[in-house]
Amino acid sequence: MAITFTTPARASFLLRMPKLPGLKFLAGNKKARLALIILVPILLLTAFASYLPLQGPLQTNLRAMMQEPSFLHPFGTDRMGRDVLVRTLAGVQVSLFVGFSVAIIALVFGVVLGTIAGFFGRTVDRAIMSVVDIFLAFPSLLLAIGLVSVVGTGLVPVILAIAIADVPRFIRLQRSLVLSPRSRAYIDAARTVKASQWWLMSRHIVPNTIAPLLVAASIAAANAILVEASLSFLGLGIMPPSPSLGNIIRDGQLYLQQAWWISTMPGVVILAIALSLHFLSDGIREALDPRARK
Amino acid sequence: MFTYSLNRLLQLVVTTLGVVTLVFFTLRLIPGDAASAMAGDTLSGEALDRLREQMGLNKPIWVQYIEYLQNLITLNFGETITTGLSIGGLLSKAIPITLAIAVATIVLTIIISIPLGTLAAYLAHKGHKTLDNIITGGAMLVDLMPSFWTALVFLLLFSLTLGLFPASGTVSLDDPAAFLHRIALPVLVLSVTQIATMARITRTAVLEILSEDYIRTARSMGWSELRVLFRHALKNAALPIVTVVGLSFGSLLNGTIIVEFIFTIPGLGSLLVNGINSRDYQLVQTLIVFYALFFVSVNFFTDLVYKRLDPRVQF
Amino acid sequence: MKTTRRTFLTGLAATGAAPLISFPAKAQEKTLRVRFYDDLAGFDPATIFRVENENIAFNIFSGLTTYDSKTGKILPDLAESWETKDNITWIFKLRRGVQWQKGFGEFTAADVVYSYNRILDPATASPYRNEFTDVKSVQAPDDYTVVITLNSPDGNFLHQVANYHQGQIVNKKAIEAAGKQVRWQPVGTGPFYLDTVDVTSRIVLKRHETYFRGPAPISTIIFQIIKDEATGTIALRRGEVDLVMRSNREENIEILRKEGFLMNATDDYASAHKVFNLSVKTLSDVRVRRAIAHALDFDTIIKATSPILQNATYTLLMPWMDGYTKDIPRYPFNPGLAKKLLAEAGYPRGLSFKNLSTSAQGVTEFQQFEIDYLSQVGIKMEMELVDTPTFNQRRNRGDFEVTTRLLPAVNPDTILFSFLDPANISPKGLNGARYDNPVAIETLRAAKAEIDPAKRKALYAKVQQIAMTDLPYLPQYANGVIWPSKKNVTGVQPNNLAQVNFFEVDIK
Chain A
0 MAITFTTPAR ASFLLRMPKL PGLKFLAGNK KARLALIILV PILLLTAFAS
50 YLPLQGPLQT NLRAMMQEPS FLHPFGTDRM GRDVLVRTLA GVQVSLFVGF
100 SVAIIALVFG VVLGTIAGFF GRTVDRAIMS VVDIFLAFPS LLLAIGLVSV
150 VGTGLVPVIL AIAIADVPRF IRLQRSLVLS PRSRAYIDAA RTVKASQWWL
200 MSRHIVPNTI APLLVAASIA AANAILVEAS LSFLGLGIMP PSPSLGNIIR
250 DGQLYLQQAW WISTMPGVVI LAIALSLHFL SDGIREALDP RARK
Chain B
0 MFTYSLNRLL QLVVTTLGVV TLVFFTLRLI PGDAASAMAG DTLSGEALDR
50 LREQMGLNKP IWVQYIEYLQ NLITLNFGET ITTGLSIGGL LSKAIPITLA
100 IAVATIVLTI IISIPLGTLA AYLAHKGHKT LDNIITGGAM LVDLMPSFWT
150 ALVFLLLFSL TLGLFPASGT VSLDDPAAFL HRIALPVLVL SVTQIATMAR
200 ITRTAVLEIL SEDYIRTARS MGWSELRVLF RHALKNAALP IVTVVGLSFG
250 SLLNGTIIVE FIFTIPGLGS LLVNGINSRD YQLVQTLIVF YALFFVSVNF
300 FTDLVYKRLD PRVQF
Chain C
0 MKTTRRTFLT GLAATGAAPL ISFPAKAQEK TLRVRFYDDL AGFDPATIFR
50 VENENIAFNI FSGLTTYDSK TGKILPDLAE SWETKDNITW IFKLRRGVQW
100 QKGFGEFTAA DVVYSYNRIL DPATASPYRN EFTDVKSVQA PDDYTVVITL
150 NSPDGNFLHQ VANYHQGQIV NKKAIEAAGK QVRWQPVGTG PFYLDTVDVT
200 SRIVLKRHET YFRGPAPIST IIFQIIKDEA TGTIALRRGE VDLVMRSNRE
250 ENIEILRKEG FLMNATDDYA SAHKVFNLSV KTLSDVRVRR AIAHALDFDT
300 IIKATSPILQ NATYTLLMPW MDGYTKDIPR YPFNPGLAKK LLAEAGYPRG
350 LSFKNLSTSA QGVTEFQQFE IDYLSQVGIK MEMELVDTPT FNQRRNRGDF
400 EVTTRLLPAV NPDTILFSFL DPANISPKGL NGARYDNPVA IETLRAAKAE
450 IDPAKRKALY AKVQQIAMTD LPYLPQYANG VIWPSKKNVT GVQPNNLAQV
500 NFFEVDIK
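Top to bottom, those sequences are chains A, B and C. Counting in numbering that gives the first Met the number 0, the first sequence runs from 0 upward without gaps. Counting in numbering that gives the first Met the number 0, the second sequence runs from 0 upward without gaps. Counting in numbering that gives the first Met the number 0, the third sequence runs from 0 upward without gaps.
All the given hints hold, so there is nothing to weed out.
Straight-line distance between alpha carbons at most 30 Å, and here's what the computed DSSO-like set of lysine-lysine pairs gives:
(1) K427/C to K58/B
(2) K29/A to K125/B
(3) K101/C to K92/B
(4) K29/C to K92/B
(5) K179/C to K58/B
Since the hints were derived computationally from the structure, they do not count as laboratory data.
Produce the entire structure from the sequences given, and follow the hints as far as they go.
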């Protein structure tokens with residue numbers, strides 16, 4: 000028990016082993032579809048931002064400082080005359096990179112260490128889990144703050160700092176999935192036919208855990224984007240001029256009264272992304288767990 | 000139950016020792032040190048070395064570690080490097096304040112989120128999709144807003160425009176009414192996120208119970224909807240809700256750091272940010288250990304409560 | 000207030016010469032609430048650092064001299080008068096009947112001897128000991144005379160004994176009574192004494208009723224610690240505080256100014272300079288340094304990034320300093336000339352340099368503009384961002400190609416010797432450029448020793464002319480300081496140390 004995510008109990012359903020019908024179901028799920036409708040255009044815009052006829056994200060323009068949203072600048076401009084839309088798109092790039100990197104790191108380490116712990120049990124399990132317990136003893140933002148203050152700020156340290164808080168949670172999740180009755184049955188069956196351990200793990204145990212892990216990963220990605228924003232606020236995140244959604248919002252909120260758009264526009268985008276990642280995870284969950292489909 | 004508690008307690012001790020060791024050594028990997036961080040622009044060369052010696056930073060690291068462990072066990076946290084004040088004294092002032100904020104947040108959260116979540120579940124159960132979606136969607140939206148953003152909007156709205164709550168001022172437990180008035184805004188900001196989370200969990204839990212057989216039975220016996228909802232459904236949904244209250248302490252502690260900074264509340268979070276800014280090892284390591292200990296203990300008690308409420312739970 | 004009426008009366012009786020202030024409304028109790036913005040680190044003059052803490056100490060302690068808040072001129076403080084014939088032997092006549100705070104009795108010359116020897120004592124580990132390296136001896140021939148003898152002539156010595164850092168006079172008994180807690184139990188002779196401190200929330204100062212200039216108009220000052228700038232601004236707009244100590248963000252200042260708050264300000268408090276490491280091959284060529292200067296349009300950059308708080312500046316010294324001159328070579332914005340100079344130096348296709356700075360703020364808006372401007376003449380300014388302690392370490396070691404340093408000081412010698420003296424070449428001191436021009440340092444030494452004011456001024460002007468010709472340091476901008484307040488708060492005048500003398504402040 001006690002798997003702590005952003006909202007801990009959200010993860011509790013993961014302990015019920017779902018069937019794995021592949022990922023085809025996504026297209027058939029309403030929430031997942033909505034999520035994709037929001038995410039895909041943002042992703043495309045971000046990917047092709049540099050090909051659009053827009054000024055560069057760092058390019059300043061002293062004649063167009065703090066302009067309201069207009070046709071020319073749909074999100075307005077900031078204090079240095081930079082286009083907020085362009086900066087937001089560049090920020091989305093960075094933020095998504097942070098989100099997905101964290102999710103991938105957490106996923107990889109979580110699967111490997113969690114499977115080892117669950118599968119081998121005994122001393123290995125105890126050793127891994129006591130280290131996990133130590134890391135779980137820190138609230139996640141605290142751990143990130145502590146690490147960033149040691150390693151320094153910047154893209155890579157921030158990703159590592161956030162991921163380190165997530166890895167132990169994924170290890171725990173994966174371990175509990177491996178230890179679930181369904182996996183147990185597989186293990187016992189395979190043992191009776193003397194299958195190799197590697198074959199057993201890669202063919203039967205890990206695939207069974209992928210869907211719930213994906214659910215957790217999309218929540219972790221959304222969470223990472225928000226944690227980066229908090230770190231940026233405390234001056235410990237990704238530093239200007241490289242725009243992350245977090246630092247654009249932080250800088251912009253100082254002008255909330257004079258130029259609301261500087262921080263509100265990227266704020267809306269961050270919300271849209273996080274929200275759709277949550278919908279995506281809900282979609283996966285509902286598709287897998289008929290009990291939740293109501 | 001007893002063996003379980005004992006085992007869990009032992010685990011707690013091992014984890015704590017691990018935390019202490021990890022924190023101590025990690026903080027010493029910092030490039031530069033407290034002395035050079037303190038010196039800033041003004042010092043260099045010899046003067047800096049003298050400062051370092053004065054701070055005890057030139058002792059071998061394992062000597063510093065052993066001394067640190069000894070002091071922790073005897074609850075002697077020493078003095079901060081930069082200010083020379085007793086850390087124990089600082090903690091004893093900061094802890095009640097942070098604790099009061101945390102407790103107030105939890106109380107406010109429970110009062111608002113449980114009826115809200117139950118209502119949403121009821122609406123969903125009765126097929127009122129739109130209303131349910133508004134509540135759930137709203138909760139999710141609020142949940143995702145960065146707290147530093149909410150904090151500033153609340154400051155501008157409740158403090159500057161409406162003039163309801165102060166933005167700054169003394170924080171003292173001596174005058175409970177003034178104290179509550181002062182911490183109202185930070186608690187509100189923190190609660191908003193917590194309420195969103197808790198309402199969604201309550202909704203899910205209650206919704207699940209509502210479709211159980213015995214609820215149908217209760218209904219068929221002609222009991223009022225309210226009674227069914229609050230006497231039976233909510234009572235049975237209590238288990239996951241209690242767990243979440245315990246577990247959300249982690250995110251609550253995260254939240255206090257930022258909120259204390261913005262509203263200048265002299266609690267643990269403010270001390271931590273001060274300590275990190277001035278690279279005060281002594282202070283930061285004590286605080287992080289304290290946070291961790293706090294968090295681990297809450298988890299420990301949550302587990303015990305859970306175990307008590309539901310004897311089926313296997314650990 | 001423990002210093003009872005009796006001690007006060009004896010103090011008054013002994014004063015004689017002190018201004019006899021009658022108290023029309025002795026019972027006037029006024030409280031001023033001030034936003035304080037940084038961590039507290041204590042108020043022991045020997046170890047104090049950071050300007051906010053220094054501002055508290057400035058109001059608790061006194062020096063032999065002090066500064067006029069508006070003009071920056073040196074004024075008598077605990078010393079009534081002084082004389083020197085050779086800039087080596089300084090004789091100070093002390094004010095009589097000055098009372099210590101908290102009932103520590105009367106101030107005498109012995110206190111001055113104790114205070115200055117305490118700074119000089121290596122055991123105190125005062126970072127300001129270097130300020131007194133010229134001091135040979137401090138003697139007290141009688142209770143009201145102090146004679147300080149220097150090793151070499153110093154025409155700016157009155158700055159060293161001002162109410163700042165090493166110049167502040169402490170009380171032996173109080174220091175010994177406080178023991179390890181000395182930085183939290185300051186006892187001085189200034190207009191306010193420290194009542195209570197809570198390091199994470201507030202500091203309370205109370206009026207020193209027997210202050211030698213008479214009691215201050217304000218009876219209690221509460222410094223409320225509010226770190227977040229936005230919160231601090233809201234607190235002032237809501238009237239939770241009367242005065243904001245140093246508002247640092249243009250956008251908040253703009254709002255406050257529009258709403259009619261007073262903008263109590265001092266311009267040109269200290270200037271920031273680009274430091275060129277002359278041991279780097281490209282930068283060792285003066286034509287390259289001048290090209291960089293011509294390529295940067297600081298006036299425009301300042302107008303864009305910080306029009307209220309910053310000013311353009313063209314020399315090492317601030318306009319209000321002794322020895323400041325306008326008559327120096329300037330490098331107006333001229334990209335064509337910059338390109339030409341680069342070509343002459345052998346870099347027709349441009350060059351690049353690394354700029355060391357702290358990652359705490361990332362690449363600042365100011366630096367982004369610099370990068371923009373330099374790229375237009377083919378110079379690539381690469382940013383090297385490191386965390387603050389590493390930054391401080393590397394900058395002090397001189398481990399950089401180009402960096403920035405802002406050195407607040409009142410004494411022109413502090414800036415000139417730090418930057419230009421070969422004895423201070425990093426890592427020994429702050430001469431990060433590794434500038435070594437025998438003519439410059441000899442002229443500077445002569446200026447410091449010179450007794451004739453006109454000659455002195457000419458010598459200081461010459462030093463600045465040489466420095467700005469060689470250009471090891473390029474002035475970027477001068478910072479101002481603004482303390483916004485409510486309209487009814489009068490007399491808030493930040494001085495050249497960015498400090499406010501609260502004795503002059505009143506609430507109408």
